[in-house]
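Student: Those sequence lines, one after another, are chains A and B.
At position 24 of the first sequence the residue is numbered 24 (our numbering), and the sequence of numbers has no breaks.
At position 108 of the second sequence the residue is numbered 108 (our numbering), and the sequence of numbers has no breaks.
Check each hint, because a few of them may be wrong.
[To be verified] Output of the computed footprint for chain B on chain A, the stretches with three or more beta carbons under 8 Å from beta carbons of chain B: (1) 41 to 50; (2) 78 to 88.
[Stated by the list, open to error] Interface residues of chain A toward chain B, partial, derived using beta-carbon atoms under 8 Å: (3) F61; (4) D63; (5) F91; (6) S95.
[Claimed, not checked] List time: in silico DMTMM-like cross-link candidates among lysine to aspartate or glutamate, alpha-carbon distance up to 20 Å: (7) A:K59 x A:E85; (8) A:K3 x B:E42; (9) A:K57 x B:D2; (10) B:K108 x A:E85.
Please keep in mind that the hints were generated in silico from the structure rather than gathered at the bench.
Nothing here was measured: the structure is a model prediction, and the numbers come from that model.
Using N, Cα and C, we set each Cβ at its ideal position, and we do this for glycine too.
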Amino acid sequence: GPKVLQIPSHQIIDMGQMVTLNCDPVSNHLYFYWYKQILGQQMEFLVNFYNGKVMEKSKLFKDQFSVERPDGSYFTLKIQPTALEDSAVYFCASSLPDNYAEQFFGPGTRLTVL
Amino acid sequence: GDSVTQTEGQVALSEEDFLTIHCNYSASGYPALFWYVQYPGEGPQFLFRASRDKEKGSSRGFEATYDKGTTSFHLRKASVQESDSAVYYCALGDRSNYNVLYFGSGTKLTVEP
Numbered sequence: 001g002p003k004v005l006q007i008p009s010h011q012i013i014d015m016g017q018m019v020t021l022n023c024d025p026v027s028n029h030l031y032f033y034w035y036k037q038i039l040g041q042q043m044e045f046l047v048n049f050y051n052g053k054v055m056e057k058s059k060l061f062k063d064q065f066s067v068e069r070p071d072g073s074y075f076t077l078k079i080q081p082t083a084l085e086d087s088a089v090y091f092c093a094s095s096l097p098d099n100y101a102e103q104f105f106g107p108g109t110r111l112t113v114l
Numbered sequence: 001g002d003s004v005t006q007t008e009g010q011v012a013l014s015e016e017d018f019l020t021i022h023c024n025y026s027a028s029g030y031p032a033l034f035w036y037v038q039y040p041g042e043g044p045q046f047l048f049r050a051s052r053d054k055e056k057g058s059s060r061g062f063e064a065t066y067d068k069g070t071t072s073f074h075l076r077k078a079s080v081q082e083s084d085s086a087v088y089y090c091a092l093g094d095r096s097n098y099n100v101l102y103f104g105s106g107t108k109l110t111v112e113p
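The shape of chain A in the complex, shown without the other chains (with noise of 0.2 Å):
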């Protein structure tokens, strides 16, 4: 079935230092989304992209974070500067812009911030 990239899997940086976390969606959906997982806690709603634009965020999605997908190339994800808070996983999904649409999820990005 259709897959979802994300890039890289695991990423170890030092805390007050920028990263970009990458997403390859489904073809053809027009809906993106990132969640955040913290070991042991539930997924958690980050923010939604639609259009070139954020439909829709939780207040998870501090001022250091920051969402684009230039010319429909990866869906980004960039944290910066990054806090020890931000360890987690980081998934990314993409769906139609049907209402509730199937979403189709990445494999996640492990983060942590030392």
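For this one, chain A is given, so just place chain B on it according to the hints.
Tutor: Okay, now just chain B, sitting in the frame of chain A:
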């Protein structure tokens, strides 16, 4: 705000046992309800959804019925297999919120042969 509660953190069964994983939700509007399954090293995969009261969703032998009265969407399977071992997430989808999904805490199912 909208939320989903899964009461079982872990469930251990033997093959051919009957499975129930409980899911209750709290929402201000009329959400859609989903079940997703996650295998090790992968992201969650859509299992099925239901978007109105009394609607039954099903896939791969799993099923759940949307019950607005009890605000529940319990997952059931009549006879589990070892290959069903995974983490199961109940989720609530808010149509007015651009399809944002609110996940439960997940239930880890282990099926012994």
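Student: Hints first: check each against the structure and report whether it holds.
Tutor: Hints and how they fare:
1. Taking a C-beta to C-beta cut-off of 8 Å, the segment 41 to 50 of chain A contributes 7 residues in contact with chain B, enough for the three needed, and the coverage statement holds.
2. Residues of the segment 78 to 88 of chain A with a Cβ under 8 Å from some Cβ of chain B number 0, which does not satisfy the need for three, so the listed coverage is violated.
3. Proximity of A:F61 to chain B is violated relative to the hint, the smallest CB-CB distance being about 12 Å (cut-off 8 Å).
4. Evaluation of the A:D63 hint against chain B yields a violated restraint, the C-beta minimum of about 20 Å exceeding 8 Å.
5. For A:F91, the suggested interface contact is upheld, since its CB lies about 5 Å from the closest CB of chain B, less than 8 Å.
6. Contact between A:S95 and chain B, as hinted, is supported at the beta carbon level, the nearest pair being about 6 Å apart and thus within 8 Å.
7. At most 20 Å may separate the alpha-carbon atoms for a hinted pair to count; A:K59 and A:E85 meet this at roughly 14 Å.
8. Restraint check: the Cα-Cα separation between A:K3 and B:E42 comes to about 11 Å, which is no more than 20 Å; the hinted pair holds.
9. Of the supplied pair hints, the one linking A:K57 and B:D2 holds, its CA atoms being roughly 14 Å apart against a limit of 20 Å.
10. Simply put, B:K108 and A:E85 have alpha-carbon atoms about 25 Å apart, too far for the 20 Å limit, and the pair is violated.
Checked against the numbered hints given earlier, the structure breaks hints 2, 3, 4, 10 and satisfies all the rest.
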